Amino acid sequence: MTMDDNPMPTPTIVEVQSKARTQMLDALGADHRQFLGRLIGQLVGAKPSEIGLAIEELENVLTSNEKRSIECIAADLEEQKQKIWAAFHEWQERDARKRFGKNVQFSTATVSHGKLDSPSIIMLDLLIHDCNAQLNQVKHGSSER
Amino acid sequence: MNMDKFPRIIPTLIQIRAQTYDKMLKSLGPESWRLLGQVVGELAVSADPDLEAVAQQLEIALTTKEKKAISDEAADLEEQVGQAIEALKQAIIQSGEPHTFGHSPMPRMTSESPGMTLVSLSIEELMINLNRFKKRDEDQSSHFGFVTE
Numbered sequence: 001m002t003m004d005d006n007p008m009p010t011p012t013i014v015e016v017q018s019k020a021r022t023q024m025l026d027a028l029g030a031d032h033r034q035f036l037g038r039l040i041g042q043l044v045g046a047k048p049s050e051i052g053l054a055i056e057e058l059e060n061v062l063t064s065n066e067k068r069s070i071e072c073i074a075a076d077l078e079e080q081k082q083k084i085w086a087a088f089h090e091w092q093e094r095d096a097r098k099r100f101g102k103n104v105q106f107s108t109a110t111v112s113h114g115k116l117d118s119p120s121i122i123m124l125d126l127l128i129h130d131c132n133a134q135l136n137q138v139k140h141g142s143s144e145r
Numbered sequence: 001m002n003m004d005k006f007p008r009i010i011p012t013l014i015q016i017r018a019q020t021y022d023k024m025l026k027s028l029g030p031e032s033w034r035l036l037g038q039v040v041g042e043l044a045v046s047a048d049p050d051l052e053a054v055a056q057q058l059e060i061a062l063t064t065k066e067k068k069a070i071s072d073e074a075a076d077l078e079e080q081v082g083q084a085i086e087a088l089k090q091a092i093i094q095s096g097e098p099h100t101f102g103h104s105p106m107p108r109m110t111s112e113s114p115g116m117t118l119v120s121l122s123i124e125e126l127m128i129n130l131n132r133f134k135k136r137d138e139d140q141s142s143h144f145g146f147v148t149e
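Order-wise, the sequence lines are chains A and B.
Per the numbering used here, numbering through the first sequence is continuous, rising by one, with the last residue being 145.
Per the numbering used here, numbering through the second sequence is continuous, rising by one, with the last residue being 149.
In case anyone wonders, no lab produced these hints; they're calculated from the structure.
From a predicted model like this one, the values you see are computed outputs, not experimental measurements.
Don't take each hint at face value.
With a straight-line Cα cutoff of 35 Å, these simulated DSBU-like cross-link-like pairs (lysine-lysine) come out [to be verified]: (1) A:LYS139 to B:LYS67; (2) B:LYS26 to B:LYS135; (3) A:LYS81 to B:LYS26.
Derived DEER-like restraints, expressed as beta-carbon distance ranges [said to hold, decoys possible]: (4) A:PRO11 to B:ASP72: 35 to 43 Å; (5) A:ALA86 to B:ASP72: 43 to 51 Å; (6) A:GLU57 to B:MET127: 33 to 41 Å; (7) B:LEU13 to A:ASP26: 36 to 44 Å; (8) A:TRP91 to B:LYS26: 44 to 52 Å; (9) A:ASN136 to B:ARG132: 37 to 45 Å.
Think of the CB as a built atom: it goes at the ideal place given N, C-alpha and C, for glycine as much as any other residue.
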């Protein structure tokens, strides 16, 4: 069987995350975007406990409008991610049936749908995960789902 | 390797990597450490992020001594990771569990520039620490398994 018989669904989670990242950064004022960059830079080599302080600092800096925008984008992203996982699961089942026949049995394990955190955590999480997705792309030449 | 066995050593691998990263950071002078933070922060909020350009920027700024220290630590890390995987394989063989060891080449840090190694580890450690802060497990992303009859 070739991938052409059963193409993987698109978009991928990495793609929608990347789009959400851009939307979130666009929702910030230029000064807050710079502040966020400095804050992430300060977290390089920091202990996990210091992350809490940085998040608190960011939460105090973001305006109500910025927080609302981040939450809206995050809610939309979460919905898209759930649809993508559902489509991916269906694709995997089709793929496995083609490979192993109709009697293949499926088990679904640890599907966690992320709860929405505070806007600061959402923002940091998305930015750092997106950096990591870029890293995977550069190192392995492929993207995560 | 049976991928369902692999998670057993993930905590060990994470610990080894964190220790190595800590040693790498300690080998940096204050200017290089400051620049590392700056480039990672800028990368995270850039409208047009370019990881390789950032790694190159850092590479140019690192001293010869810093580069050597990072390369040495990267080689040491690869060796330790290789030993941990080999120990897991041996444990699986000795336990008599059914096993198949496929050949899946590990990404080699020693083949990349010290600048890229530093940026890579910084991003990965940031992500792990943030996940810890959020009290997440190693990998909470959904995954689906299947078995054949």
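Verification of the hints:
{"no.": "1", "hint": "A:LYS139 to B:LYS67", "result": "holds (20 Å)"}
{"no.": "2", "hint": "B:LYS26 to B:LYS135", "result": "holds (27 Å)"}
{"no.": "3", "hint": "A:LYS81 to B:LYS26", "result": "violated (39 Å)"}
{"no.": "4", "hint": "A:PRO11 to B:ASP72: 35 to 43 Å", "result": "holds (41 Å)"}
{"no.": "5", "hint": "A:ALA86 to B:ASP72: 43 to 51 Å", "result": "holds (47 Å)"}
{"no.": "6", "hint": "A:GLU57 to B:MET127: 33 to 41 Å", "result": "violated (19 Å)"}
{"no.": "7", "hint": "B:LEU13 to A:ASP26: 36 to 44 Å", "result": "holds (37 Å)"}
{"no.": "8", "hint": "A:TRP91 to B:LYS26: 44 to 52 Å", "result": "holds (46 Å)"}
{"no.": "9", "hint": "A:ASN136 to B:ARG132: 37 to 45 Å", "result": "violated (20 Å)"}
Checked against the numbered hints given earlier, this structure breaks hints 3, 6 and 9; the rest are met.
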